[in-house]
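Student: These protein sequence lines map, in sequence, to chains A and B.
Counting from 1, position 42 in the first sequence corresponds to residue 42 in UniProt numbering; the numbering is continuous, with no gaps.
Counting from 1, position 331 in the second sequence corresponds to residue 331 in UniProt numbering; the numbering is continuous, with no gaps.
None of these hints come from the bench; they were simulated from the model.
Do not rely on the hints blindly, as some may be mistaken.
Copies of the same chain are indistinguishable here, so a pair counts whether it falls within one copy or spans any two.
Okay, derived cross-link-like pairs now, DSS-like style, lysine-lysine, Cα gap no bigger than 25 Å in a straight line [claimed, not checked]: (1) Lys76 to Lys290; (2) Lys76 to Lys240; (3) Lys178 to Lys107; (4) Lys43 to Lys290; (5) Lys82 to Lys224; (6) Lys346 to Lys362; (7) Lys43 to Lys323.
Predicted model only: the values in this text are computed from it and were never measured.
2 protein chains.
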Amino acid sequence: MAIKYELIKECKQTGARLGKIHTPHGTIETPIFMPVGTQATVKSMTPEELKEIESQIILSNTYHLYLRPGHDLVEKAGGLHKFMNWDRPILTDSGGFQVFSLGDLRKISEEGVEFRSHIDGSKHFISPEKAIEIQNSLGSDIIMAFDECAPYPADREYVKNSLERTTRWAKRCKKAHKNTDTQGLFGIIQGGIYKDMREQSAKEITELDFPGYAVGGLSVGEPKPLMYEVLEYTTPLMPKNKPRYLMGVGSPDCLIEGVIRGIDMFDCVLPTRIARNGTAMTSQGRVTIKQARFYDDFTPLDPECDCYTCRNYTKAYLRHLFKANEILSARLFSYHNLYFLLKLMKNIREAIKNDNLLDYRKEFFEKYGYEL
Amino acid sequence: MAIKYELIKECKQTGARLGKIHTPHGTIETPIFMPVGTQATVKSMTPEELKEIESQIILSNTYHLYLRPGHDLVEKAGGLHKFMNWDRPILTDSGGFQVFSLGDLRKISEEGVEFRSHIDGSKHFISPEKAIEIQNSLGSDIIMAFDECAPYPADREYVKNSLERTTRWAKRCKKAHKNTDTQGLFGIIQGGIYKDMREQSAKEITELDFPGYAVGGLSVGEPKPLMYEVLEYTTPLMPKNKPRYLMGVGSPDCLIEGVIRGIDMFDCVLPTRIARNGTAMTSQGRVTIKQARFYDDFTPLDPECDCYTCRNYTKAYLRHLFKANEILSARLFSYHNLYFLLKLMKNIREAIKNDNLLDYRKEFFEKYGYEL
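Model the full assembly from the supplied sequences, consistent with the hints where possible.
Tutor: See the structure below:
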């Protein structure tokens, strides 16, 4: 088995868990946030910087790498780790979410999804087998089953069809997966916001005995309380001895609430995307650097942060870089935001260890300006 | 005196010199290339990376900083060094070259230059006094006199008028300069491609006794052999006990030829600009990464280079990053190109020390594909 989950501790007050995921490229402490490196690079960052801020694992996108530079080239380069100079664990998604997001550019059938490239309009077809073949070429430590993610809102019939197709596709993925010794294939539970369907999907998917499971179909536009509600009844349906991954979630409140409901892994482009727009996550909430009041503000982005950006640069300088459209702006904000989220996860792990996660949440929310 | 030049050695075969420039922010070994940080940042690089590649001094642009974020803000921040987190020497240009380059957007008079901002079209006026006032606010170690740079080609009358105005402006700059203890003001010799005018300008400017001198009005479109010719008769007119700076020059051949003709300092946006276009300077000449032949080339940019980029990434990966428009591409190419030029200058200094600069030139030119 490529992937082994070790449960270290269960929180006494909440559903949170402390654990370790052992992978061929090292061990990950959970709960963890995974920075996203869509095109074989976490935007603006070097691998060394990712290590400096203690990134344990990163995520890369199968859809993008398949189109450019092509999984064959990555395989020829010796796999994704070597290609991008990252020797710690990598998780790749299946490409499913991306091709479904193409809207009019894709057509779903039982066999798979036909779509047109967002780069050059060329026609492509990804089936469950193809998604696994691509991920086998990439050589990521954790690969994801090709699922159908229902949009929000979607009616019961739509969701039922897509969760059942997801099960059939999960079986095909499992069968197609060649590198079971070096790559762990995770199953994905769908079912939208319908409790009975989450139960059905959880039952069908966990019966296939994957080394880890994701909760799919959340963070697709539904209100946060609804997402929390779905998590509350879904994670108890997932085996305790396997890691649980909530896909596409990265705002600080959702990370904490997700952990409290038993989630171990998260990923999201949020921290790096808002970074490129000059927005920082800080202990006092979001800072949007383009605001005029920061023109001559010579304090750091976050007075409580000890990251490279906050130790060396003022808001006035960061605002100047952003307004002048300088690359260093994207770098310094990306560095800070990822540092902030990884430190948040570290604090969460510490709080679970010390049995004070709810206190930590209260304190964090109050400062950040979230309502409990 | 803020700036002191120490002549260490004169080359026996050529006009090259080995020297040191002592500044309030440390000592620079010459001959040296200065990376350009136009908007208070060397594009895509951190100060730490600039130190890693042994940048001794950087250049920043007065025109740009005056317009954005404004020299008042930089002064309020504690000066340019503190604002941008760079504690080694900084040279600022006078803004003259930039405003003259605005073409239709500027009007020259004896008093100074009226121009419109390239950012928002707003009207501004820079006189010699204003150029010095701005640079006094910025607090750079070396500041430049506000000169009039004649274009190429330009007739004798135009060049004569502009060199004589440059002398009158140099006197006004000297008078306006407040921080003589902490900032060294360099004079600029004009005169285009006319020997008698270079003689006139050199005489007039050096009589004003600045702590350093630049050769202006070159690298503005004239053929390289003509630039070398002008240097050959101009540098002997410059005092031996002061540093000599050739403005706006940064291609490897011009650096070597400039040093041979007695130049100590160079700056140019070339290495970082071509970097953002995916072009590298290498020991075997230029590499343009978008070329299809690099698609599956798993060798480094430059097999003889030991920089971070060349130690860790293949051409295939760099090509992918460039084609995917990733920020890391600009970073890795900028890092390599600056490393390449700074190493070239280090090798040049070594060659002067060992009395084999002409051999070094021959070897370098042959590999790079230049004709001697």
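Student: With reference to the structure, classify each hint as holding or not holding.
Tutor: Hints, verified against the model:
1. In the homo-oligomer, the alpha carbons of Lys76 and Lys290 lie at most 25 Å apart only across protomers (19 Å), although the nearest pairing inside one protomer, at 44 Å, exceeds that limit.
2. Proximity of Lys76 and Lys240 under a CA criterion of 25 Å is satisfied in neither setting, with 38 Å inside one chain copy and 57 Å between copies.
3. Taking identical chains as interchangeable, the C-alpha atoms of Lys178 and Lys107 are never at most 25 Å apart, the minima being 27 Å within one chain and 71 Å between chains.
4. For the homomeric pair Lys43 and Lys290, the shortest alpha-carbon distances inside one copy (21 Å) and between copies (20 Å) are both at most 25 Å.
5. With identical chains, the CA atoms of Lys82 and Lys224 are never at most 25 Å apart, being 38 Å at best within one copy and 43 Å at best between copies.
6. Only within a single protomer do Lys346 and Lys362 lie at most 25 Å apart by alpha-carbon distance; the minimum there is 16 Å, versus 57 Å between protomers.
7. Proximity of Lys43 and Lys323 under a CA criterion of 25 Å is satisfied in both settings, with 19 Å inside one chain copy and 14 Å between copies.
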